[in-house]
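Working from the sequences, and respecting the hints, build out all of it.
Now for the letters of each chain:
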Amino acid sequence: MNKRLFNLVLLCVALISTAAAQITEKPGFGKFALVGATIHTVSDGTIQNGVILINGERIEFVGSNVKPTADYVVIDLTGKHVWPGMIDAGTSLGLVEISAVPVTVDNAEVGNFNPNMRAFTAINPNSAAIPVNRVEGVTTVIAEPTSGLISGTATLIDLFGYSPDSMAVKADAAMVMNWPVSGRRGWFDQRTDEQLKEQFETQLKEMRETWNKAKFYHEMMSAFEASPTGKTRPDKDQQMEGMRAVFRGALPVMIRVDREGDIREALKWVSDNPSVKFIFTSVAEGWRVADEIAAAKVPVIVGPVLRLPSRGYDHYLRPYQNAGILHKAGVLVALRTGQMENVRNLPFQAGYAAAYGMPYDEAVKAITINPAKIFGVDDRIGSITKGKIANLVVTNGDLLETMTQVEKVFIRGRDLPLSSRQEQLYRQFINRDATN
Amino acid sequence: MKLLISGSAALFLAGLVSTLSAQAVPAQAITRATLHRADGSTLTNATVVWRNGIVEAVGSNIPIPFDARVTDGGDSLHVYPGFIDGLSTWGTPEIPRISPADRVERPAEPGYERAGIQPERSVHPMLRKDAAEYSAARNNGFTLVAIAPQGFMLPGQVSVFHLHGDRTATSIYRRDIAPKASLAGARGVYPSTPMAVLSRYRQLFNDATVLKAQQTANAANVGRDAVLEALFPVMEKKTPFFFVADDREDIARILRLSDEIGFRFVLVSGRDAAFHAAELAKRNVPVLASIDFSAKPDTSNITEPEKMEWAARQLEAWSAQVRNIRTLMNAGVTVGFASNGLKPADFRKNLDLLVSDGALTDADLVKLLSANTSTILGTSTVAGEVRVGRLADMVVTTKPLTDKSFKILHTVTAGEITEIKSTPAGATGANRGRIPQ
Amino acid sequence: MRSIILFTLTFGLTVSGISQPKGSVLIKNATVITITGETLENTDVLVQSGLFTRIGKNIAAPRGVDVLDATGKFMLPGIIDAHSHLALASVNEASSPVTAEVRMADVVNAYDIGVYRALAGGTTISHAMHGSANVIGGQGATLKHHYGETAENLLMRNAPRTIKFALGENPTRVHGQGNSVVPRTRMGVEQVIREHFDAAKDYKRRRAAAPNRVAKNERLEVLADILDGKILVHCHSYRADEILMLMRVFNEYGIKNYTFQHANEAFKVAPELAKNGAHTSIFADWWAYKFEVYYSTSFNAAILNKYGVINSINSDSEELIRHLNHEAAKAVKYGGVSQQDALKMITINPAIQLGIASRVGSIEVGKEADFALWSAHPLSIYAIAERTWVDGVKRFDMFTDRTDMRLRANPNDKYESSSITESGRHADACMKDVLDFFTMETMEHSHE
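First to last, the protein sequences are chains A, B and C. Per the working numbering, the very first residue in the first sequence carries number 9; after that it's consecutive. Per the working numbering, the very first residue in the second sequence carries number 743; after that it's consecutive. Per the working numbering, the very first residue in the third sequence carries number 8; after that it's consecutive.
Where hints are given, some of them may not hold.
As a list, the in silico SDA-like pairs of lysine to any residue whose alpha-carbon atoms are at most 25 Å apart [as the list claims (entries may be wrong)]:
no., chain 1, residue 1, chain 2, residue 2
1, B, 1049, C, 420
2, B, 1091, C, 421
3, C, 223, B, 1091
4, B, 954, C, 382
5, A, 305, A, 269
6, A, 305, A, 215
7, A, 88, C, 345
8, A, 39, A, 174
9, C, 421, A, 209
10, C, 421, B, 1034
11, A, 285, A, 272
12, A, 336, C, 382
13, B, 980, B, 1000
Quick look at which bits of chain A chain C covers, simulated, 3 or more residues with Cβ under 8 Å [to be verified]:
no., region
14, 263 to 270
15, 316 to 322
16, 354 to 366
17, 393 to 405
18, 426 to 439
Hints listed in this document are in silico derivations from the structure and should not be mistaken for laboratory results. Virtual Cβ for every residue (Gly too), placed ideally from N, Cα, C.
Listed below in structure tokens is the structure:
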């Protein structure tokens, strides 16, 4: 039994009566010196036998050969590895508690055009799934709305905090747009070819009209705001207001698109709107269009990597190779699980990408600094760099390897207890009294 | 091959002739035509004489009765035996759409009817009188048609009709020759999937076996059960199922089931049957083949190497489909024809494909469309060839069927001539989709 | 058609009872993970006519047997998936709470590309099960992944019969909520099982007394066979209470040798499972997709293993079946199961649960030669299955296989048409066909 579990088992003696209830242990906070570990900075190479000083929420120092002063709590990490906290660039964590129980599903609002909806609003900081996933080293996620054509804004949050406000890295990180789907969604999709085509074309038309209307609204309001004198203030439209940040260039549009033909159409949309920033997400068939995506300089969030080939005749490895092919073409690539409950499998998405052609360092970047860049927060998170927020993961080995143990997680400088309901259940039942 | 349906065809025919010949009805004749036969031979300068719906004489240089109305072929007409549709759905009601609101109380035990188990059901009471397909099919050269109801696993009996246009529904020729069968689940009730349908066949045979034994033993309180009783002849292998299936794995399922519970069957549609050609030949399973081919894949614009490989496979798959009948015939399978939902408007196009891409000869077409289908339906002593004493069922064309430009001039149904005005454009208002099988 | 048609697929229906294809090969210098014994470095394994015949050093190739140098490669027995719906033309007969008579063997779809993709993940056997719509579903089919053969040759010869049971939300949702018939609750689920077992007993007695008067009943015959111990029960279940319920009922009716499928809460009753000799077959980490899996833990495998419950890790998914080795590694990650035990969970343990452990599940002389060669230790995330053999016949080779490995093409297909599915439990294969059943839109199943 490894050390972490041994400690947990010891702990369970004290906690057994309340184990299934709450995570009661408070995180450590203050000044920490992490010494002796191999530091994978991601941005500045690897430091053997390194030192990281954490002061409050921030990384104060990264290097080696420094002896921390006595006010630092020294944590000996000899033989361990430190990595930036992992960022999952596409999840429903905090928005969905139990997928099949509709009243716990808060990522899919009614309607096709919902730019005013904010994932940030519905984040439940106390979701049981949050600790389950963060104890495996995912410190930050994009939680995204999913329904309709324009779903609302995705939020970028750290996985620790008592409120969405205290968790937010960027409360509104991107406007989610679902590109109309020209094909079937799976075996459960019973629509006929004619229905598919008709629905696709109707949706595309609707999206174009709504987009143009929103653009006009923005231009009209901007004109009014620039010189209101002598003009009648136009009525405010809540939905249209939601799109204004997009047209100002302040909020990127994250287009969820998978099929080759749809990606090409979406690329046209991108080139028709030069003042708007775009991100593509999911992108199952991105490998077919890699050069065109690269030429358009659209960053891409690939995932899940562990998925089925989209066409019967495709080579069985294409989904695993997708991220690597896009990277090779010159696309800025991040990864996503697309999950709520198993965001913790993010490193394995990167592991498969690495096993099938993505350079290892790039696979690590795809779950750390690249998503930070894509959402414009690489000045704060995504690498182990002086001055950045102390989101760190300590492991006993390769971050992407399945059997690797996460031994410590820091989020915003907080040394989090590695406790979650799943581990509490383990503690409660591993030594169950067999007679009761 | 052995007659599938033993019956009193000859007696029936004798009766027909004797009753009708009592009246002095004028004869009819076609002269100076080329007669096409199933054995591949042709008779040039042929004369065909018929009266009362029955062929009286066939040959070159034979005398023409004084009372015969003559159609002179002028050395350019071709006469084929009338085409026979081995199984169609012309004039039958569509399967009613079932909405969730129509859900039955206990979907596990829906009763025979709702489950689609109606092997006792005759088709003629439900036929529409005015179905446009009757005439459309006749315009395509068809003179005899087997019709069975649409439905699920056992929708009802196959009956054979003369294609007399609007009088088809009442021109019944052979009633209830065999039950139509399929692996189609009843929507929303048991059995709803192919796997449950297979189990349901087993159970029906179990139940029929016990009922038969009880009735034979004259046991007290033995009930009647029309559904199970309709299965007796199939169980005793006196009558085959007309089993509708296309997919090769479905065909394999039916072959296994027939081994397991014991029945003979005619495979209907069988678009993928060539895969089992050897097995079907060995077991003497005839096929009433569909010619409802997929559209030829359009690969003209494909240039990328990866796509070209894909396109080649598409074309191969299409080609295999169009050559299905050829492959079956080569293996020795008796192949007849079934429209089984094919729109009349699509018949000619696909017939031409059988020649251009399906590698069928003139003799093959005569077998497929007439002789073999007649054999399979058990009518070979009365239909399927233009011979003395048989039904005067004929198609008169401008050119051989293997010539793409042939046109049908006349269809003769039991002696009754219909002039075909132009190349049939199909039945209007009858654009039905394929029935689910 | 070019070389894409493989093996007997060119011959159509094969005669039942003909033995499955068998091959011979000599693997040299592999690291052989035998599972039931030591892992052997630099070892040769000889396969003759579909069986492992020698394991050792410096084995010379008999005449006509191909030799493959596997230096640096890891040889693992073929992975066995105890819960799959691959290669099936239909999955759920959702019209009745009990459909014991239906047989998945009747509806094997040999053309499912998913079988090839599973082979490419080193998986050689899958347990093709009925779905979870019914309390007592249909009989399972144990499939050998002879991709390229007909359905008959996919069926593993002489594999014990199995049947699917299902407890909890799925049957209560389909029948109770959907059709307003019992069961709508877990109480009802128990009574459905008891009623049908009792009916089977009564039937058996009545039929024995009057075989000419009482027709053979396809459903009750199967239920009677369960009671006679002739069929292995694999029961879809999640919650601890329903697991306990079924063990109680089975004890009462004298049913032994059964496996709880999914069993997300099995860890809560591991001692009871061990005491009854019940097995479990679980997901490595899936949870929270419905309420009955909310109180789950990825430490399930570790707890069950500690209590000595024979446990396997399954896929229930055409995606997960591509990387069950990775799923097994999660048992090491969560709770420190030994690597050897983790590998057992995808090889010999599922073999035990399917009643085929004397034939497959390990590399031992005399066993059937189902195995794969891996580029690295199969529990590593970087391990790539490179070649896979079934009964000594190579069915997958990443170096020589074509890109398009479909066994047939559909001329109606469009080049661009694609099906994008999420991984995870969003497209719940266990409930396949149920949607068909409720929408009543179509019963026509794709065969391509």
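Now for the hints, and whether the structure bears them out:
1. B:1049 <-> C:420: holds (13 Å)
2. B:1091 <-> C:421: With a Cα-Cα distance of about 22 Å, the restraint between residue 1091 of chain B and residue 421 of chain C holds, given a limit of 25 Å.
3. C:223 <-> B:1091: violated (50 Å)
4. B:954 <-> C:382: violated (64 Å)
5. A:305 <-> A:269: Satisfied, since the Cα-Cα distance of roughly 18 Å is no more than 25 Å.
6. A:305 <-> A:215: Roughly 23 Å between the alpha carbons, so the hint for residue 305 of chain A and residue 215 of chain A holds.
7. A:88 <-> C:345: Holds - the C-alpha atoms of residue 345 of chain C and residue 88 of chain A are around 21 Å apart, at most 25 Å.
8. A:39 <-> A:174: Holds, at about 20 Å.
9. C:421 <-> A:209: holds (18 Å)
10. C:421 <-> B:1034: holds (19 Å)
11. A:285 <-> A:272: holds (17 Å)
12. A:336 <-> C:382: Holds, at about 23 Å.
13. B:980 <-> B:1000: Roughly 14 Å separates the two Cα atoms, so the pair holds.
14. 263 to 270: holds (count 4)
15. 316 to 322: holds (count 7)
16. 354 to 366: holds (count 6)
17. 393 to 405: With 0 residues closer than 8 Å to chain C, the region 393 to 405 of chain A misses the three-residue bar; violated.
18. 426 to 439: Result for this restraint: holds, n = 7.
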